[in-house]
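Put chains B, C and D with the ligands on the given structure of chain A with help from the hints.
So the sequence lines, in the order shown, correspond to chains A, B, C and D.
Just so we're aligned, residue 1 is where the first sequence starts under the UniProt record's numbering, counting upward by one.
Just so we're aligned, residue 1 is where the second sequence starts under the UniProt record's numbering, counting upward by one.
Just so we're aligned, residue 1 is where the third sequence starts under the UniProt record's numbering, counting upward by one.
Just so we're aligned, residue 1 is where the fourth sequence starts under the UniProt record's numbering, counting upward by one.
Do not rely on the hints blindly, as some may be mistaken.
As the list claims (entries may be wrong) - Restricting the straight-line Cα-Cα distance to at most 27 Å, the calculated cross-link-like pairs of lysine-lysine (DSS-like) are:
| no. | chain 1 | residue 1 | chain 2 | residue 2 |
| --- | --- | --- | --- | --- |
| 1 | C | K39 | A | K36 |
| 2 | B | K316 | B | K36 |
| 3 | C | K196 | C | K180 |
| 4 | A | K36 | A | K264 |
| 5 | B | K237 | C | K51 |
| 6 | A | K237 | A | K36 |
| 7 | C | K180 | C | K194 |
| 8 | D | K196 | A | K237 |
| 9 | D | K51 | D | K39 |
| 10 | D | K180 | D | K196 |
| 11 | C | K51 | A | K264 |
| 12 | C | K51 | B | K146 |
| 13 | D | K51 | A | K146 |
| 14 | B | K36 | B | K277 |
| 15 | C | K39 | C | K51 |
| 16 | A | K146 | A | K316 |
| 17 | B | K146 | B | K237 |
| 18 | D | K196 | B | K36 |
| 19 | B | K264 | D | K194 |
| 20 | C | K39 | C | K180 |
| 21 | B | K264 | D | K39 |
| 22 | D | K180 | D | K194 |
| 23 | A | K146 | A | K277 |
| 24 | B | K264 | B | K36 |
| 25 | D | K39 | D | K180 |
| 26 | A | K277 | A | K264 |
| 27 | A | K264 | C | K196 |
| 28 | B | K277 | B | K264 |
As the list claims (entries may be wrong) - Simulated restraints, written as ranges between beta carbons of each label pair:
| no. | chain 1 | residue 1 | chain 2 | residue 2 | range |
| --- | --- | --- | --- | --- | --- |
| 29 | A | T340 | C | G227 | 46 to 56 Å |
| 30 | A | D333 | C | G186 | 51 to 61 Å |
| 31 | D | K39 | C | R199 | 20 to 30 Å |
No lab work stands behind these hints: they were computed from the structure.
Glycine included, every Cβ here is placed at the ideal spot set by N, Cα and C.
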Amino acid sequence: MTFTTDPLTNPPTDSLSTADQIDLYRQMVRARQFEKRCYDLFLQNLVKGTTHLYIGQEAIATGVSAAMSEGDYTFVTYRGHAHLLVRGTPMGPILAEMLGRSNGLMSGKGGSMHLIDASRGVLGSYAIIGAQLVIANGAAWAAQYKETGQVTVCFFGDGATNIGAFHEAMNFAVIWNLPIVFVCENNQYMEYTPIRSVTAVDRPAADRAGAYGLDPVVVDGNDVEAVYGTAAAAVHKARTGGGPTLIEALTYRHGGHSRADPGKYRPDEELQAWLAKDPIPNYRSALIGRGVAERDLDLIDAQTRHEVDEATEMAKSGGLPADELLWTNLWSDGSSGWRT
Amino acid sequence: MTFTTDPLTNPPTDSLSTADQIDLYRQMVRARQFEKRCYDLFLQNLVKGTTHLYIGQEAIATGVSAAMSEGDYTFVTYRGHAHLLVRGTPMGPILAEMLGRSNGLMSGKGGSMHLIDASRGVLGSYAIIGAQLVIANGAAWAAQYKETGQVTVCFFGDGATNIGAFHEAMNFAVIWNLPIVFVCENNQYMEYTPIRSVTAVDRPAADRAGAYGLDPVVVDGNDVEAVYGTAAAAVHKARTGGGPTLIEALTYRHGGHSRADPGKYRPDEELQAWLAKDPIPNYRSALIGRGVAERDLDLIDAQTRHEVDEATEMAKSGGLPADELLWTNLWSDGSSGWRT
Amino acid sequence: MALVTYREAVARGIAQEMRRDESVVFLGEDVAAAGGVFKTTVGLLDEFGPKRVRDTPISEQAILGATMGAAMAGLRPIAEIMFSDFYAVCWDLVANEMSKSRYMADGQVSFPLVIKSGNGAGLRFGAQHSQDISNWAMAIPGLKVVCPSNPVDMIGLMAAAVRDNDPVLIFEAKGMYAEKAEVPNGEIVDSLGKAKIIREGDDCTIAALGMMVPRAMRAAEILSSRGIEATVVDVRSLVPLDVTTLMAAYSRTGRLFTVEENPRLCGWGAELVSIIVEEGFEYLDGPPVRITTPHLPLPAADNLEDLALPSVERIVSTITEGMKY
Amino acid sequence: MALVTYREAVARGIAQEMRRDESVVFLGEDVAAAGGVFKTTVGLLDEFGPKRVRDTPISEQAILGATMGAAMAGLRPIAEIMFSDFYAVCWDLVANEMSKSRYMADGQVSFPLVIKSGNGAGLRFGAQHSQDISNWAMAIPGLKVVCPSNPVDMIGLMAAAVRDNDPVLIFEAKGMYAEKAEVPNGEIVDSLGKAKIIREGDDCTIAALGMMVPRAMRAAEILSSRGIEATVVDVRSLVPLDVTTLMAAYSRTGRLFTVEENPRLCGWGAELVSIIVEEGFEYLDGPPVRITTPHLPLPAADNLEDLALPSVERIVSTITEGMKY
Ligand SMILES: Cc1ncc(C[n+]2csc(CCOP(=O)(O)OP(=O)(O)O)c2C)c(N)n1
Ligand SMILES: Cc1ncc(C[n+]2csc(CCOP(=O)(O)OP(=O)(O)O)c2C)c(N)n1
Ligand SMILES: [Mg+2]
Ligand SMILES: [Mg+2]
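Isolated chain A (complex conformation) (with noise of 0.2 Å):
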């Protein structure tokens, strides 16, 4: 999946394969039925601390990381495990990091809101609003300063663009003309509260822009192949040296913020319309009218749910961390002395 078009007028959808729309299909399914795993182990207190899910989301993460090449890096928020999980991250790592079991990701020291996968160029989740934006720009800088054709992807919601941090991250990659993707995912609501309500502008992002002399650009984010094309072609300027986009992908998550919020906040009617937009259903819809055999598709959500119920397993095989691993790994030789 290379482009070189340039997509960001003219996306190259049509140029997927089916082989390709397919595994578009099943990574997003595997978000779903991931989330929802963790949802069921958050009932059962199993997933400790706080868990954000990615449910309504998927097309995001896979239209974009479907773009992007091995080697790019990502930077995501709280909300990620499913970014991690289109950059090839196994499910039981991630399920076992949640439940803060030694076989963890990051062995349990990190939790749900910091995962990390630096093998795969996920150079982190991060759970201050705004942080990673301007961290993915030092990574942008070191691979446009060392000229390895590396793009960085950098993902956040609706409610970070109205913190500082947003502002400086934006004027600071243009001014650098650093090959960096900013994909902020307009869900529509910070934690409880609507976004238009404390925006200046209709759109967070886009509307943004212009004040750092980029161009609005807003993707359907349920829409899978209109994400993907449109990343394409940002990943593409990025990598030929054009400098940073930032998309606005308009979705919803279908269910509250965090936790067992029940999202009550939201009016039903407005709820109903975007559970008809779920990105999955129709992209299923869509492969079916374009000839692929539902069998194929139903076969994926099978393999998908044993993936799942694999990784539960494992996650809940896993022991608890070691007392040892309290003090390990503040300082690069490992340890975490502070005297000499």
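Showing chains B, C and D with the ligands alone in chain A's frame:
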């Protein structure tokens, strides 16, 4: 000087009486001569710490202040001597503050960068870039809450537009519809770095107004009447419930950034071009062209020299702040103890 | 009397003050319509309306800037910074502006404002949502800092903070939101800068703060059963620090143990130890010992978080050991 | 050997490391074309060019974000935060991100980066441009913190910091930029976490940091003329803290005095006093005494600033008095 038209579209400068115009001249001259004296005293090692002169930018504080009413709030930067002068603070206490004397505006405890005159609504000079933008919102909020009709004016530099607090302040002011006027004094430089080299847009404030649903407003910051007209409109809008305005006033500082900086990083042609646009001689010529007697203006110059000399005497005659002052006024009860 | 949770006490304290004084206003993220992410502000919007209880964008600098400016211009704002960890994104307003401006102005302006936050560990939220940062605040001249350890103190200290004319930071122990206590009916108003002796004993003094207070009490009971009688002091206020009460307790017992939630270096315990050894050297019967969270970020996993925080067991064993000196 | 100012030593240390390692890059406000507002980076742009030495906008969060991200992705960046007071506008990156991310990731990533700033008083810049904030940094787990007190240490500790694979904050004493010393030619590389005994004496130990070091030395000489012989330790590094050297000096002398520039509460002096009384109780000959700036914002006027900072006279008189115990 009050206006009922909407001068943002129809600047009402034609309604300035001759006396008003002469007063604008006087205020600019006062600011200029005051700053020159500061510089002399700095070279004599009498002004302590640092000092940031306003020479070249006088039309902005003068024009804006003329559009404000008594009781309105003013927030400024470390480059704020002139802003206090035009709001009515006498020269002596300002100068004494810079000399670190007990008769200083804050008894020598604040220094040149932190001038404040609450009795005249000047709620402070701020030395950490961006802070006053968010703080000024609070004063505007209090006025709105108490329905006092007061307007808040907040000055800042071009460089401040790239810090996060700028972004947060603008969005916040707009969504709360605060009675506030933000005035960006674009003098083309941060300390030594040209603003255009570190900013993604040409006009650091105006090109970002749209990101907050505001209209771009640019004014010739060396034309005191243009500034006045634009400010009058914005103040009127704020006072009548129309919410915030963001004004970018284009100008230039004649000298360096601070202290003895000779400003050598600036191309000579650029400097010369701006010196030719010096707001004071130009306005002087304009007034003479309109029939004001040169003698009257000379008299102002002479009166101001006298005022500056007197202020200098007063400042120099102040004693050092008493040792006891170290221990007062941390807390509102006048004390500074941290233990009981 | 009624059973009130620590969480409910926050809203009750704020409501009490908002009823009394129209210049008290409240702002923060998700505080109005949603009643706060910790449900500490439920009911305020309904009672006081959207002019006085306001939701904000995710703009902590704008929140604290508005708070500070409004305080200067005649309001008495209360702001919420949702998790105290987020002070890091708006620290300039706290550490450089609201704390210093009155002094720099030699008294021309005052800052009658309160900032409240969920603080500290216990919920497995990981390193960026579990910190006790009360020592960051204590290190800044010009801030008053209180950490209530129970619902009654929460109401009374909130009232005292709102009535005070200086910036007061209130740290709510997140791990204690669900704790209940009998609370008297009617207005409750406490004073800033007063520690409280909550248990008397002759052998040693345990000074504890916030969520560590109940742990210190439980430890004192266990120690008592082993023959060590401890005076327990709830420090309550870091600035002003009630050195008088603390020194009196310590000088009577000759031994001091502090129980701190913040990471080890430069906490209030270090300050207190330094004060008592300098000013009460003659009473020292043995080394003062600090019981703290190690100097580490907090891990997320249950067992590791538990291991990091001072536990009742660790308090008991450290004091038992220390008393052998 | 050549006479080098403290200010020049900064640039020399950076240049030494940039020559050695192409992955070392440098960014900050006005650092490239202008050579820094304190002229601590003069010549770097000329020697290393605009790809490696970069001016930034006034965006401290963007500066430290870029620094942290670049460190994670294989560079070894050095950033300048012009005045250390400005850490307050980007504290999240320092206190929550670069310091904690390695631990949270259980070692998946490292942060080989350095942040340098002008720190502290002496220039009459007032409360927001004169703070010693080294204790803010010391309170954050995951940061290494050094405060060189002379040009040779500046070069050597800069080199050590750049070569270290963890985040190191270097505090340059603004008040000492013009101080000169003889500096050996050639490469200078020091180690982090080593205090230095710079004077020996049997009666007491004076521990001092940064700009307080020369004052402590002058005080020690005056004390010597009055019959009190002090060991003076230049603490140099707050994290790691060289407890070994400090404890050895203190246990030999039995008395400790600290000289701190930071405001009083929760400084490194409190930490050090607490450590030595807990771990070296048996050597205590009298109360350890902290000599600090009072817990106040710094006033701008010359005489008041001078009054606030620990002066040679105050050090001498406090120690003279203290030794009477
Ligand atoms: C600086 C900061 N302020 C507040 C929070 C608390 N918080 C966590 S998530 C969240 C809402 C974020 O909304 P958005 O950016 O739209 O992302 P979403 O959760 O919708 O994906 C808030 C306010 C935080 N983590 N960091
Ligand atoms: C947060 C912060 N960063 C950096 C500085 C140092 N500094 C002081 S003035 C200045 C330049 C400001 O430029 P601008 O906003 O254009 O105002 P001007 O000085 O030109 O009036 C800088 C970088 C500061 N005071 N605060
Ligand atoms: Mg959202
Ligand atoms: Mg400027």
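To see whether the hints hold, each was checked on the structure:
A hinted pair counts as satisfied when its Cα atoms are at most 27 Å apart, and K39 of chain C with K36 of chain A qualifies at roughly 26 Å. Simply put, K316 of chain B and K36 of chain B have alpha-carbon atoms about 16 Å apart, close enough for the 27 Å limit, and the pair holds. With a CA separation close to 19 Å, the supplied pair K196 of chain C and K180 of chain C stays within the 27 Å bound. A C-alpha spacing of about 19 Å is found between K36 of chain A and K264 of chain A, which places the hinted pair at or below 27 Å, so the restraint holds.
With a CA separation close to 21 Å, the supplied pair K237 of chain B and K51 of chain C stays within the 27 Å bound. Only pairs whose Cα atoms come within 27 Å are accepted, and K237 of chain A paired with K36 of chain A is rejected, the gap being roughly 35 Å. At roughly 22 Å between alpha-carbon atoms, K180 of chain C and K194 of chain C fall within 27 Å of each other, so this suggested pair holds. Only pairs whose Cα atoms come within 27 Å are accepted, and K196 of chain D paired with K237 of chain A is rejected, the gap being roughly 54 Å.
Among the hinted pairs, K51 of chain D with K39 of chain D is consistent with the structure: their alpha-carbon atoms are about 20 Å apart, no more than 27 Å. For the hint linking K180 of chain D to K196 of chain D, the alpha-carbon distance of about 19 Å falls within 27 Å, and the restraint holds. Only pairs whose Cα atoms come within 27 Å are accepted, and K51 of chain C paired with K264 of chain A is accepted, the gap being roughly 23 Å. Distance restraint check for K51 of chain C and K146 of chain B: the Cα-Cα separation of roughly 11 Å lies within the 27 Å cut-off, and the hinted pair is therefore satisfied.
Taken as a hint, the K51 of chain D and K146 of chain A pair is honoured in the structure, with Cα atoms around 11 Å apart against an allowance of 27 Å. Distance hint between K36 of chain B and K277 of chain B is fulfilled; the C-alpha atoms sit about 18 Å from each other, no more than 27 Å. For the proposed pair K39 of chain C and K51 of chain C, the alpha carbon gap of about 20 Å is at most 27 Å, so the pair holds. In summary, the hint linking K146 of chain A to K316 of chain A is not supported, as the alpha carbons are separated by about 42 Å, beyond the 27 Å threshold.
The hinted pair formed by K146 of chain B and K237 of chain B meets the criterion: a straight-line CA distance of about 18 Å does not exceed 27 Å. A C-alpha spacing of about 48 Å is found between K196 of chain D and K36 of chain B, which places the hinted pair above 27 Å, so the restraint is violated. Note on K264 of chain B and K194 of chain D: the hinted pairing is violated, with a Cα-Cα distance of about 42 Å set against a maximum of 27 Å. Proposed proximity of K39 of chain C and K180 of chain C is supported: the alpha carbons are some 15 Å apart, at most 27 Å.
Using a Cα cut-off of 27 Å, the hinted pair K264 of chain B and K39 of chain D holds, with the two alpha carbons roughly 15 Å apart. A threshold of 27 Å between alpha carbons decides the hint, and for K180 of chain D with K194 of chain D the separation of about 22 Å falls inside it, so the pair holds. Proximity of K146 of chain A to K277 of chain A is assessed by CA-CA distance (about 42 Å); at most 27 Å being required, the pair is judged violated. For a cut-off of 27 Å, the pair hint linking K264 of chain B to K36 of chain B stands: about 19 Å separates their Cα positions.
Our distance criterion of 27 Å between C-alpha atoms is met by K39 of chain D and K180 of chain D, whose separation comes to about 15 Å. For the given pair, K277 of chain A sits about 19 Å from K264 of chain A by alpha-carbon distance, which is consistent with the 27 Å threshold. A distance of roughly 42 Å separates the Cα atoms of K264 of chain A and K196 of chain C; the hinted pair therefore is violated under the 27 Å criterion. A distance of roughly 19 Å separates the Cα atoms of K277 of chain B and K264 of chain B; the hinted pair therefore holds under the 27 Å criterion.
For T340 of chain A and G227 of chain C, the hinted distance range of 46 to 56 Å is not satisfied, since their beta carbons lie about 39 Å from each other. For the hinted restraint 51 to 61 Å between D333 of chain A and G186 of chain C, the CB-CB distance of approximately 59 Å keeps it satisfied. Taking the beta carbon of each, K39 of chain D and R199 of chain C are about 59 Å apart, not inside 20 to 30 Å as hinted.
The structure fails hints 6, 8, 16, 18, 19, 23, 27, 29 and 31 (numbered hints given earlier, in ascending order).
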